[in-house]
Amino acid sequence: MISAPWVCCNCLSRTGKTLFRRSLRYQSTATSGNVPKALLTRARDIAIEHKVLSEKLANGFDTRAAKKLGEYSPIVNALGKWDKASESVTELTSLIHDSTTDSELRSLAADDLEETRAQLAAASQSLITSLVPVHPFAHLPCLLEIRPGAGGSEAAIFAGDLFRMYLAFCNGNGFRTGILKYENINGTSEAGVPLSEAIIEVESDDAYGVFRCEAGVHRVQRVPATETKGRTHTSAASVHVLPSLQDNSSVQEDFDNPESDYYIDQKEVKVEVMRASGAGGQHVNKTESAVRLTHTPTNTVVAMQDSRSQHKNKEAAWALLRSRIAQSRREKREEEMANMRRSVIGVAKMGRGDKVRTYNWGQQRVTDHRSGITVHGLDDVMEGGQTLSKVMDSVRGWLMERDVEALIAEEAEKK
Amino acid sequence: MPRIGNSLLRKAHALDPFLPALLAPCRDIHAAQNELRWLRQHVDRVAKARRARGDTLAKGSLLRQLVSERASGKPLQYILGTEYFGDLEIRCRSGVLIPRQDTAASVTNLVRLLRDAQKLPPELRLLDLCTGTGCVPLLFRHELYTARDDVDLHILGVDVSPKALKLAHYNMQRAHRSMPRGKMRLIRADVVLNPFADQDGDALPLKVALNHSGLPPFWDILVSNPPYISPSNYWTTTTRSVRGYEPKLALVPPSIASQSDTEQGDLFYPRLLEIARDVEAKIVLLEVADLDQAQRVAQRAHNLSIFDGIEIWRERPDINTQAPAGVDNVSIIGEGNARSVLCWRGAGAAWLGKATASAGRDDALRLFRSYGHLPHGDASQAGTSPMEPQFDWPTTPPSEQDLPMAFHNARIARRSRDRFRERLSRRGTGLWTDHPYPEDYYFIRTSFGLQKRRRKP
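Protein chains in written order, with this note's numbering: chain Z, 1 to 415; chain H, 1 to 457.
Check each hint, because a few of them may be wrong.
[Stated by the list, open to error] Rough simulated footprint, nothing fancy, chain Z against chain H, three-plus residues with beta-carbon under 8 Å:
1) 133-144
2) 236-246
[To be verified] Here are the computed lysine-lysine pairs in the DSS-like style, where the Cα-Cα straight-line distance is at most 25 Å:
3) LYS312/Z <-> LYS48/H
4) LYS354/H <-> LYS56/Z
5) LYS286/Z <-> LYS267/Z
6) LYS248/H <-> LYS286/Z
[Claimed, not checked] If you want the footprint, here are the derived chain Z segments under chain H, 3+ residues with CB under 8 Å:
7) 279-285
8) 309-316
Hints listed in this document are in silico derivations from the structure and should not be mistaken for laboratory results. Computed from a predicted model, the values in this text were never measured in an experiment. Positions of the beta carbon are idealized from the N, C-alpha and C atoms, including for glycine.
Model the full assembly from the supplied sequences, consistent with the hints where possible.
Okay, here's the thing in structure tokens:
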């Protein structure tokens, strides 16, 4: 009698599970042809606002409105294209499902439908991309800071590897770089010795947008050069990416430039001068020359009464108000930067656990744990070649998906 | 006026022994502190100047003297000798009205409107009646020249007081040194004097004075800060310091028999509006005391029916809170007490950026009518008054031949303008007073007309 061989139930269930699991990827979701409803309503709202703004601009120029209009116009264009594509898709499907259409027309429509569907997918993709807000610092140059994490001197060697990888990547992709700091574990800047800290400045514009996805803990799994018994070690190095904000003083000094810290909209300031109560004019002769300015959005009050000339007091008060507002803006920005630095990577997150990417020498693979991509050209990655670009692209795509999700959640919260 | 509390006086004394005395005119400890600081700065400046000359000065006694003067109510501007008027520092002397900040606000606002004008005449003429220290035309000039430089500004200041003219002359020279542009001149004339009445005073009526000085009879802008306080208001609303130290001549119009209190307060305005018509001013800005007076003046200007628009400006006309237009489409602009009345006609509307402008022909016709040469309104109604000259006036606008008088006037105007320009070009730039002080001359009536005589020193 043939009996079924004994199989462990755990093994049995695991085979089923692995089969089932491999086909699914939780981290990244492929984009389909339709745009989420929340995003679509947002796009429509923006289109309406765009219309209002352009009407307003036709009547008179306003710097803020013009800037907003410039931000909105790609969204409105993408929405227009998407509307067109979706309309033609619905038309074609109705044509196919309609029983009265003759067979020749139906086959033509079926041929056309596929192409139109592809157009719709492209249009929805571009609509989603345009809706995702660009990171406020994405256009800036950036600083890459590389430090060894857990894993002793092996981590320091790997940090050096990462340093060379990024330099090679920048050279290969036309980013201008400058090395702000390079320090090995001996405290000198001699190359070839394990790295203790390095800071690369990527001077090209838009660098922060490209390298933003690199921030985090990079894990390495290999047999270190220092290992004598051939065991595989797991170590980590951390990469910080920060936008480099340059103070271009010419913009800062210009009071009329809305980009400047010193810029104050005249409409937002309430000017009060001390007036005689009662008749005024020739009836009274007062010596009061005090001026008080109130900046309504920040509730900053400046009073000036030093000079006998009201005019001079007003000028002095404006200068003081400008510098106060600029100071508060600068502090706010610095706080934002400090928050960002803290959020990029906390001290507690320096271990091997919260890694963003793994470099495995044994299997010659690189896996990014955020987008879930795995590539096998480890050497090409370490030389900063095309494979690294591929990994970074996939992470940027993943970041954008997160942004889209956040956007949808935000829209849902609004309702 | 309420007494100043003992606690406040003690507090002031604790801060500075001079402060309690200054509380009397200032009423407020912060104001008193400011004034004391300015007085100290003044004393320091005087001491420094004396030291430069090799003199010495006891600072303490001078300061004590100045504080006691101020405590008795003497205006700080007379003590320090200057007052800031807008961006300018204007010299003040007793006997001449101290410039007020409210006036500066009106003038600045007028220039703010004018400097955005697309098309200003290359030669802009400004007539300032009752000029006092000369502050109004000087601020106008300063503000206009800092904003644009395509205009040649000609200023004429008129006042009846020799003291005021002397001070205005000093201020003009100072202003001209710091910004040598445009032309400035001062003449002595009496604004309210009827040009057809017998002349007994030593000041001439404005029209005669203009003729006599060889000045043009037509001016683009007329501004004035005339005396406008009625006798009863003088005793009730003005402060003690104003009554005690500032000239009554600059505050209260002269009294004429059989005239009510309000009429005396408004005495200057009918004359000023008539002058505005005679000099064909395109923009008129008159300072007034309050909203009631402003509305009376606006009504008068409206009755003259030569202006395209009339506005009442409050103390802060730059704040754009426009009240709905009231009677006769007079809108009230700004915040605070009503401070001035603005009227414009013809090209003035475009200069001010106002929408309502009438065609040149209508404007000339209206101006012509307001002299009483032509009947107002309908031709059928014109015949009702037997005193009015009778014209068979067609309902359609008249052709050029029908307006001989107007074109005769225009020709004379052109000729006199050309003469004026020629005079200017011959003199070159600069102040064109050829004698130091205008009041060094006087006029006598002789059998062959008026004669100008130099006063013996």
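Results for each hint:
Chain Z is given as covering the segment 133-144 of chain H, and this is violated because 0 residues of the stretch bring a CB closer than 8 Å to a CB of that chain, at least three being needed. Against chain Z, the segment 236-246 of chain H contributes 6 residues with a C-beta closer than 8 Å to a partner C-beta. That satisfies the three-residue criterion, and the hint holds. With a C-alpha separation of about 24 Å, the suggested pairing of LYS312/Z with LYS48/H holds against the 25 Å cut-off. With a C-alpha separation of about 22 Å, the suggested pairing of LYS354/H with LYS56/Z holds against the 25 Å cut-off.
Distance check on the hinted pair: LYS286/Z and LYS267/Z sit about 28 Å apart at the alpha-carbon level, beyond 25 Å; violated. Proposed proximity of LYS248/H and LYS286/Z is supported: the alpha carbons are some 18 Å apart, at most 25 Å. With 7 residues having a Cβ less than 8 Å from any Cβ of chain H, the segment 279-285 of chain Z passes the three-residue criterion, so the hint holds. Counting residues of the segment 309-316 of chain Z whose CB lies closer than 8 Å to any CB of chain H gives 4, which reaches the minimum of 3, so the coverage claim holds.
In this structure, the earlier hints numbered 1, 5 are contradicted, and the remaining ones agree with it.
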